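Listed in order, the protein sequences are those of chains C and X.
Take the first sequence: its letters are residues 0 to 133, numbered as in numbering that gives the first Met the number 0.
Take the second sequence: its letters are residues 0 to 133, numbered as in numbering that gives the first Met the number 0.
Honestly, I wouldn't trust all of these hints.
Identical copies go unnamed one by one, so any copy, or any two together, can satisfy a pair.
[Claimed, not checked] No more than 30 Å apart at the CA atoms, straight line, and that leaves these computed lysine-lysine pairs for DSBU-like:
id : residue 1 : residue 2
1  : Lys3      : Lys28
2  : Lys121    : Lys28
3  : Lys84     : Lys70
4  : Lys121    : Lys92
5  : Lys107    : Lys3
6  : Lys51     : Lys121
7  : Lys121    : Lys107
8  : Lys121    : Lys84
9  : Lys107    : Lys94
10 : Lys92     : Lys19
11 : Lys19     : Lys121
12 : Lys28     : Lys51
13 : Lys92     : Lys28
14 : Lys3      : Lys121
15 : Lys19     : Lys51
Rather than coming from a laboratory, the hints here were simulated on the basis of the structure.
Since the structure is predicted, the reported quantities are computational estimates derived from the model, not experimental observations.
There are 2 protein chains.
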Amino acid sequence: MIGKLNHVAIVVPDLDAATKTYRDVLGAKVSEPQTLPAHGVTVVFVLLDNTKVELLLPYGENSPIQAFLDKNPSGGIHHVCYEVKDIIAARDKLKASGARVLGNGEPKIGAHDKPVLFLHPKDFIGTLVELEQA
Amino acid sequence: MIGKLNHVAIVVPDLDAATKTYRDVLGAKVSEPQTLPAHGVTVVFVLLDNTKVELLLPYGENSPIQAFLDKNPSGGIHHVCYEVKDIIAARDKLKASGARVLGNGEPKIGAHDKPVLFLHPKDFIGTLVELEQA
Numbered sequence: 000m001i002g003k004l005n006h007v008a009i010v011v012p013d014l015d016a017a018t019k020t021y022r023d024v025l026g027a028k029v030s031e032p033q034t035l036p037a038h039g040v041t042v043v044f045v046l047l048d049n050t051k052v053e054l055l056l057p058y059g060e061n062s063p064i065q066a067f068l069d070k071n072p073s074g075g076i077h078h079v080c081y082e083v084k085d086i087i088a089a090r091d092k093l094k095a096s097g098a099r100v101l102g103n104g105e106p107k108i109g110a111h112d113k114p115v116l117f118l119h120p121k122d123f124i125g126t127l128v129e130l131e132q133a
Numbered sequence: 000m001i002g003k004l005n006h007v008a009i010v011v012p013d014l015d016a017a018t019k020t021y022r023d024v025l026g027a028k029v030s031e032p033q034t035l036p037a038h039g040v041t042v043v044f045v046l047l048d049n050t051k052v053e054l055l056l057p058y059g060e061n062s063p064i065q066a067f068l069d070k071n072p073s074g075g076i077h078h079v080c081y082e083v084k085d086i087i088a089a090r091d092k093l094k095a096s097g098a099r100v101l102g103n104g105e106p107k108i109g110a111h112d113k114p115v116l117f118l119h120p121k122d123f124i125g126t127l128v129e130l131e132q133a
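Construct the complete structure from the given sequences, taking the supplied hints into account.
Here it is, written out as structure tokens:
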């Protein structure tokens, strides 16, 4: 079912400093910051040769990543995102296996303008998993 | 400097259950478990289309991942591993920029029989980073 690792998301307390760490210290290609108000984040994409790292800073008052940053003030890995071909088929198979889909169970349009779902960390070894229809 | 994401490492409390989650629930290809006494882990490789997830269970009395599991009994993401072409050049550049290399600063032979180094999470946004010479 899962195909590629689409990205690893890292929540950061200072987007400028995190971008410099990846660009200047680790020597990676990075994008300009993009604010996505609908997702409550400002993101910088780190473009690796086979996948992406996303550096996420909370944006706005109801950012879904604020609580994580409050708990991890230095930042840290927030989730991994795996690609699937058909997100409805994937969701139905996951629910049938007993895995919990977060929210109302309907895919939302994610930061890449593609349908996404999040799965409960307790069902995936303490790891928040995003699925994105590729 | 960094090229591909070589793997995402997830520490797990039950390797059999974690393997079933990735194989049967997420539908991924998984390897047989391999015990690496020198690294204090038993590992199952999850083979994605563009990279790997490594499911790590502590092995032996001095496993370097036991403390993480004690702190995160449900498991969780432990580190990310980026590939570099020349690990000595990478280390020297990192040290010159003020980043801390863990241990004695000399590369060790990692789980894939290639030279690796670990970098201090405090210098990389709360994220433990492994570098592997590809």
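Status of each hint after checking the structure:
| no. | hint | in the structure |
| --- | --- | --- |
| 1 | Lys3 x Lys28 | both (20 Å within a copy, 12 Å between copies) |
| 2 | Lys121 x Lys28 | between (34 Å within a copy, 21 Å between copies) |
| 3 | Lys84 x Lys70 | neither (34 Å within a copy, 35 Å between copies) |
| 4 | Lys121 x Lys92 | within (17 Å within a copy, 39 Å between copies) |
| 5 | Lys107 x Lys3 | both (20 Å within a copy, 29 Å between copies) |
| 6 | Lys51 x Lys121 | both (25 Å within a copy, 21 Å between copies) |
| 7 | Lys121 x Lys107 | within (21 Å within a copy, 34 Å between copies) |
| 8 | Lys121 x Lys84 | within (24 Å within a copy, 37 Å between copies) |
| 9 | Lys107 x Lys94 | within (17 Å within a copy, 43 Å between copies) |
| 10 | Lys92 x Lys19 | between (41 Å within a copy, 14 Å between copies) |
| 11 | Lys19 x Lys121 | between (33 Å within a copy, 15 Å between copies) |
| 12 | Lys28 x Lys51 | both (10 Å within a copy, 21 Å between copies) |
| 13 | Lys92 x Lys28 | between (37 Å within a copy, 17 Å between copies) |
| 14 | Lys3 x Lys121 | both (22 Å within a copy, 29 Å between copies) |
| 15 | Lys19 x Lys51 | both (16 Å within a copy, 26 Å between copies) |
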